[in-house]
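There are 2 protein chains.
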Amino acid sequence: MSKIYVVGIGPGEYEQMTMRAANALKSCDVIVGYTVYVDLVKEHFAEKEFLTTPMRKEVDRCELAFEEAAKGKTVAMICSGDAGVYGMSGLMLEIGQRYPQIEVEVIPGVTAATGGAAVLGAPLIHDFALISLSDLMTPWEKIEKRLLCASEADFVICLYNPSSKKRHDYLQKACDLMMQHKSPDTVCGTVQSIGREGEHMEVMTLKELREKQVDMFTTVFIGNSQTKNIGGRMVTPRGYQY
Amino acid sequence: MSKIYVVGIGPGEYEQMTMRAANALKSCDVIVGYTVYVDLVKEHFAEKEFLTTPMRKEVDRCELAFEEAAKGKTVAMICSGDAGVYGMSGLMLEIGQRYPQIEVEVIPGVTAATGGAAVLGAPLIHDFALISLSDLMTPWEKIEKRLLCASEADFVICLYNPSSKKRHDYLQKACDLMMQHKSPDTVCGTVQSIGREGEHMEVMTLKELREKQVDMFTTVFIGNSQTKNIGGRMVTPRGYQY
Numbered sequence: 001m002s003k004i005y006v007v008g009i010g011p012g013e014y015e016q017m018t019m020r021a022a023n024a025l026k027s028c029d030v031i032v033g034y035t036v037y038v039d040l041v042k043e044h045f046a047e048k049e050f051l052t053t054p055m056r057k058e059v060d061r062c063e064l065a066f067e068e069a070a071k072g073k074t075v076a077m078i079c080s081g082d083a084g085v086y087g088m089s090g091l092m093l094e095i096g097q098r099y100p101q102i103e104v105e106v107i108p109g110v111t112a113a114t115g116g117a118a119v120l121g122a123p124l125i126h127d128f129a130l131i132s133l134s135d136l137m138t139p140w141e142k143i144e145k146r147l148l149c150a151s152e153a154d155f156v157i158c159l160y161n162p163s164s165k166k167r168h169d170y171l172q173k174a175c176d177l178m179m180q181h182k183s184p185d186t187v188c189g190t191v192q193s194i195g196r197e198g199e200h201m202e203v204m205t206l207k208e209l210r211e212k213q214v215d216m217f218t219t220v221f222i223g224n225s226q227t228k229n230i231g232g233r234m235v236t237p238r239g240y241q242y
Numbered sequence: 001m002s003k004i005y006v007v008g009i010g011p012g013e014y015e016q017m018t019m020r021a022a023n024a025l026k027s028c029d030v031i032v033g034y035t036v037y038v039d040l041v042k043e044h045f046a047e048k049e050f051l052t053t054p055m056r057k058e059v060d061r062c063e064l065a066f067e068e069a070a071k072g073k074t075v076a077m078i079c080s081g082d083a084g085v086y087g088m089s090g091l092m093l094e095i096g097q098r099y100p101q102i103e104v105e106v107i108p109g110v111t112a113a114t115g116g117a118a119v120l121g122a123p124l125i126h127d128f129a130l131i132s133l134s135d136l137m138t139p140w141e142k143i144e145k146r147l148l149c150a151s152e153a154d155f156v157i158c159l160y161n162p163s164s165k166k167r168h169d170y171l172q173k174a175c176d177l178m179m180q181h182k183s184p185d186t187v188c189g190t191v192q193s194i195g196r197e198g199e200h201m202e203v204m205t206l207k208e209l210r211e212k213q214v215d216m217f218t219t220v221f222i223g224n225s226q227t228k229n230i231g232g233r234m235v236t237p238r239g240y241q242y
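For the record, the sequence lines run as chains H and V.
So in this note's numbering, the last one in the first sequence is 242, and the numbering has no gaps at all.
So in this note's numbering, the last one in the second sequence is 242, and the numbering has no gaps at all.
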């Protein structure tokens, strides 16, 4: 039976990949992925065959992976972060229905939420909600509802895709919605280029975050009512008495 | 300057650790942790000094780590999964205020949410909320509010600590709350002992989940309104047309 590994390679630098992910990449014949992610791993697996497709060609990329596997090759489809968090594992399993003879194994990785949290300190120690601000495939009303409900219940919130050229004011809109329930002084953090060259973190308040321009390589964290700024790091207490 | 690494070792099996985490463990003098987690890594780092404290002695464990570092040793404090998701990185940074001369570096790992998701298929592909059902340090009313708000906003929900001896009916209570907004036919999944001996997954409906007894080593996933059972795997679509 042919096999496809859907592999989360982690935030970027090679060391942040799990050993299981690296072993899957070593054992495969072909590595398929979005051009940018393939470039991140290429030097470590130079002897492999690489196939890439551009952004927004996700369906083509999955079909390419299944076609290669159908030839009898072992294939690894790589995703940044975790393959199962806004990644390709879902679409691979959906399209995989057409290829019942090909086994799909998902290999988890460190997603931007936990990778970025480690850079900031410990913002995600308690219950949190992960929300993508991209309305490419999700109606904005649904995103709005999730921002409001998560804020009302005092979740820590982590935002993926906080900005793009077309959506330059979405983070500001999101901050306004969250401030319906969260204090403007809520401790927040941003991490840019997690685990890559130029990694950069900042801790600020929610009202300061509202005025900030972030790029599409930034992950944004909004604390709960207990989150603190401890010496420039963002820390959400679990509740231990010390 | 003395240094403490707070290291997420992933779900359990050695291979699921990141290379960065393994390198930190290789480079340290002492490994500190909860007995069960220390046993998971011991054979791979046999030459190290190990110090353990039992469950519920988290503050003692952190202080032990700082005391060892204050002696000039490089210390690794290990946590299962990710150190920043219901892990020790928060408490370490809180207690670290008393030890300004000791640097704390957090190293992320694969948490049970993403590790378990990979076993089930792809339940966390879209916006999700992570909620612990443990009311040891969080009032039950707050947990209830989070379950209701997350369900109302159609988040995929992942539950940590779904059960214990004293809390045998908490998952049932949580299911009843979620069913105020989610259909009883919502696709759900459970994963027991992720990445360890006896790993076991099941996919079912929310009304079936309500009748299930799970143990404290189980992570529970409740889909959103779009989540599907594809050949026994739990898959949340991102929204791609294929």
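These are computed hints drawn from the structure, not numbers from a lab.
Check the hints yourself; a few may be wrong.
Since the list gives no way to pick out one identical chain from another, each pair is judged satisfied if it fits inside one copy or across any two copies.
As the list claims (entries may be wrong) - Heads up, simulated DSS-like pairs for lysine-lysine below, C-alpha to C-alpha not over 27 Å straight-line: (1) Lys142 <-> Lys3; (2) Lys228 <-> Lys142; (3) Lys173 <-> Lys145; (4) Lys228 <-> Lys3; (5) Lys42 <-> Lys73; (6) Lys173 <-> Lys42; (7) Lys57 <-> Lys42; (8) Lys142 <-> Lys48; (9) Lys165 <-> Lys207; (10) Lys71 <-> Lys26; (11) Lys228 <-> Lys57; (12) Lys145 <-> Lys207; (13) Lys142 <-> Lys71; (14) Lys3 <-> Lys145; (15) Lys207 <-> Lys42; (16) Lys207 <-> Lys142; (17) Lys212 <-> Lys142; (18) Lys166 <-> Lys142; (19) Lys57 <-> Lys166.
Just so it is clear, the structure is predicted and the values come from calculations on it, not from any experiment.
Check: What hint numbers does the structure not satisfy?
Finding: 1, 6, 8, 13, 14, 15
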